[in-house]
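First to last, the protein sequences are chains A and B.
Oh and the first sequence: position 141 is 140 in numbering that gives the first Met the number 0, straight run, nothing missing.
Oh and the second sequence: position 211 is 210 in numbering that gives the first Met the number 0, straight run, nothing missing.
Treat the hints with care, as some may be off.
Within a straight-line C-alpha distance of at most 30 Å, the following computed DSS-like cross-link-like pairs (lysine-lysine) qualify [what the hints assert, rightly or not]:
hint, chain 1, residue 1, chain 2, residue 2
1, B, 382, B, 10
2, B, 309, B, 320
3, A, 3, B, 245
4, A, 372, B, 382
So these bits of chain B aren't anywhere near chain A, every CB distance computed over 12 Å [claimed, not checked]:
hint, residue
5, 3
6, 54
7, 366
Don't read these hints as lab results, they were simulated from the structure.
Glycine included, C-beta positions come from ideal geometry on N, C-alpha and C.
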Amino acid sequence: MGEKYYFDNAASTRPYGEVTEGLRDYCMNCYANPSSNHSLGFEALKTLDFASEWLLKELRLPSKNYEVIYTSGATESANLALRGTIERSERLLRSSFAITSIEHHCVSQTAAYLERRGATSCVLKVDKLGQLIPESVSDGINSTTSIASIIWVNNETGAAQDIKGIVDLVKGINPSTLVHIDAAQAFGKVTQDISGVDMVSISGHKFHAPKGVGALIVKKGLQLAPIIFGGGQQKNLRSGTINAPMIYAMGKAARIGIENGSKEQLQELSSYLLKCFVQEFGEEPLNSMLPEGIYSPHILNVSFESLKGEVFMRMLEEQDVFVSTSSACSSKAENKDSALYAMGYGKKRVDSALRISISVDNTKGQIDYLIDKIKNIKKRLSH
Amino acid sequence: MSVHNRLILIKYGEISLKGANRGFFVKTLDKNIRIALKGFPGVTINHIQSRITISNVSQSDEAGVVERLAKVFGIVRIALAYETDPDMDSIQEIAAIAVGDSGANSFKVETTRADKRFPLTSPEISAQVGAYVLANAPGLVVDVRNPDFILHIELRKNAYVYYKQVECEAGLPLGTGGDGLVLLSGGIDSPVASYMIARRGMKMHGIHFHSYPYTSLQALEKAKSLAEILAVQNNGFVLYIVNLAKIQEAIAVNCNAPYFTILLRRAMYRIADMLAEQKGIGALVTGESLGQVASQTMEGMACSSAVAKKLILRPLVSFDKMDIVKIAKRIGTFETSILPYEDCCSIFTPKHPQIRPRIDRAQIEEDKIPNYLELLVAAFEEKDMAQFE
Chain A
0 MGEKYYFDNA ASTRPYGEVT EGLRDYCMNC YANPSSNHSL GFEALKTLDF
50 ASEWLLKELR LPSKNYEVIY TSGATESANL ALRGTIERSE RLLRSSFAIT
100 SIEHHCVSQT AAYLERRGAT SCVLKVDKLG QLIPESVSDG INSTTSIASI
150 IWVNNETGAA QDIKGIVDLV KGINPSTLVH IDAAQAFGKV TQDISGVDMV
200 SISGHKFHAP KGVGALIVKK GLQLAPIIFG GGQQKNLRSG TINAPMIYAM
250 GKAARIGIEN GSKEQLQELS SYLLKCFVQE FGEEPLNSML PEGIYSPHIL
300 NVSFESLKGE VFMRMLEEQD VFVSTSSACS SKAENKDSAL YAMGYGKKRV
350 DSALRISISV DNTKGQIDYL IDKIKNIKKR LSH
Chain B
0 MSVHNRLILI KYGEISLKGA NRGFFVKTLD KNIRIALKGF PGVTINHIQS
50 RITISNVSQS DEAGVVERLA KVFGIVRIAL AYETDPDMDS IQEIAAIAVG
100 DSGANSFKVE TTRADKRFPL TSPEISAQVG AYVLANAPGL VVDVRNPDFI
150 LHIELRKNAY VYYKQVECEA GLPLGTGGDG LVLLSGGIDS PVASYMIARR
200 GMKMHGIHFH SYPYTSLQAL EKAKSLAEIL AVQNNGFVLY IVNLAKIQEA
250 IAVNCNAPYF TILLRRAMYR IADMLAEQKG IGALVTGESL GQVASQTMEG
300 MACSSAVAKK LILRPLVSFD KMDIVKIAKR IGTFETSILP YEDCCSIFTP
350 KHPQIRPRID RAQIEEDKIP NYLELLVAAF EEKDMAQFE
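Just need the whole structure built from these sequences, with the hints factored in.
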């Protein structure tokens, strides 16, 4: 099998080699149930402390104020955050809550479910750069808002929000409104002081841990209703045998990310990608990355309007280059929920959008290859 | 108590009328039944005067055997019968057992007497058996006009008694009608067309055209899934896969947009014709239905198929969409056909397709494409193949 040029890291990353090796050893040696009352069980339980330490360190959240609930991934975490808040009481089920217009389905679909249950949702709008409009927040949050859910880094465009600013704004209007951050794409890529948030959702496989593990980081003392019932593990908030091996793997991945300076590496690759892309194709196709500073470094969203994104994606795939698109070739299977629509782009632009997403696994050589292949495809179509 | 066997009695209607070819038809049907029952190794297949019997079917296999036989083309009906000695005592006794589990209120008896040496006439047999059943099954009454069920008695070398019958596919045994090549798109119509022609005895093969990377691999997988479904009643299915991306690009670059679709259809017919010629296949089969889409007008069909030399069969030409959908649901292809992967990318779909294309104009458009024949031959030669059991 030849080299794969994988530029779909926003969808999932390859686990670090050290993580998979560590996971194997862990599975073989530390197999007791973390909830068992003997020493082997206790040893497994300590894994959670190890992972929590590195997850909180990456998010720069103090462990004295926050605790970690381990889940199967960000989808479950977001469900727990929103449903766990609103399903606590009949009163809350009649409350209002706020999400942005560019949420991932794990939040927008949970919101739709809560609306069916009686709650009222308010959608906070973004501008054409994908930034939350402050007036929209002031208009949307009021004394009845129970929770606001904000996607830190948007999964299609990489648009990153000023979390601290938003938290201050929300809490300024209603101090009891909880703020949940979907940090699935942000974790390990961007840094900010987010110390005012109440809950943060993350997914391990987005930062080089395996799939099937994630976490909801919660401010201590916060009351949540569980959405999974059973043996009462994790303080009754998430029943089910604690997935210690995967939690270990996720903690290890977070730690490697920090110790290897992956953010800096990613930033360098990102600048190189942007430079090469703009040199070759100009700024016109860009849907993200510029202006600098308000996008995550790992996502470059572009549109070549002459061709559907899906077709472009497959033309790259023919040459072992893997990128992604969120809209489909077929008019029936269109992605009406695209964040690009929320940013004001038209159908043609959205249908042709390509998402190129990098990780520390990529090299400058691979970026050169990618740019070269895009160039060839554009040539093929311009006869 | 008399000796009796439970067995499955297969009735084939139309093919028993085929005169001199009857032997060939029955032999082919026998072969197809054996293929269909491959998964039930213990069963025994016998022939008795325009009936085929399946015996040694275990109770647990019976439903599966019936279900499988019901899909074999050429079988009109199957009966779950008791076989016993051809004497009145045995027949009456078995008749009483047979109706025991009917749960019905009224019945009548109908007798077919293939063995004319039997001392009683058919009405006499029916009357006597009816009387015996009445006496032994309290609560049942005879109703000759509108019975809940009909108890059948067939007198051949042995006697056969049954009331449960399953309507089957009918049609003609697969393989008695030559070989056909269906243009299998992945939509609703073409699998139905393939099924309908196969039902008349033609062994089907398929050709699928895609335009990767303009179309998705899922669309190709969908066509393969349909071929796999069709394979069951077709004693296997070979699907040839041809990529038309380069041809579509050439059409888009060189020709007038309103002719794009019709030119693509002509390319498909041309390549299908080449394949049929190479494989010794006599007919092309399509799911075209008059007026259904822009390329399926009278002029569109005439213009596209003008390039093919083989016989072209369009079994759905007069069908309404909802009738096609009904069949697709019945044969189990509908759910797969409606999966949302389009078989043709919209970038090659003109806004205003020519709905009354002319053959001479189409030829002029094709002449604008440099080395068009070479392109077609290249696409044909690079074809792929998938085979389904």
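Hint-by-hint comparison with the structure:
| no. | hint | verdict |
| --- | --- | --- |
| 1 | 382(B) with 10(B) | violated, 42 Å |
| 2 | 309(B) with 320(B) | holds, 26 Å |
| 3 | 3(A) with 245(B) | holds, 25 Å |
| 4 | 372(A) with 382(B) | holds, 26 Å |
| 5 | 3 | holds, 57 Å |
| 6 | 54 | holds, 51 Å |
| 7 | 366 | holds, 19 Å |
This entry does not satisfy hint 1, going by the numbered hints stated previously; all others are met.
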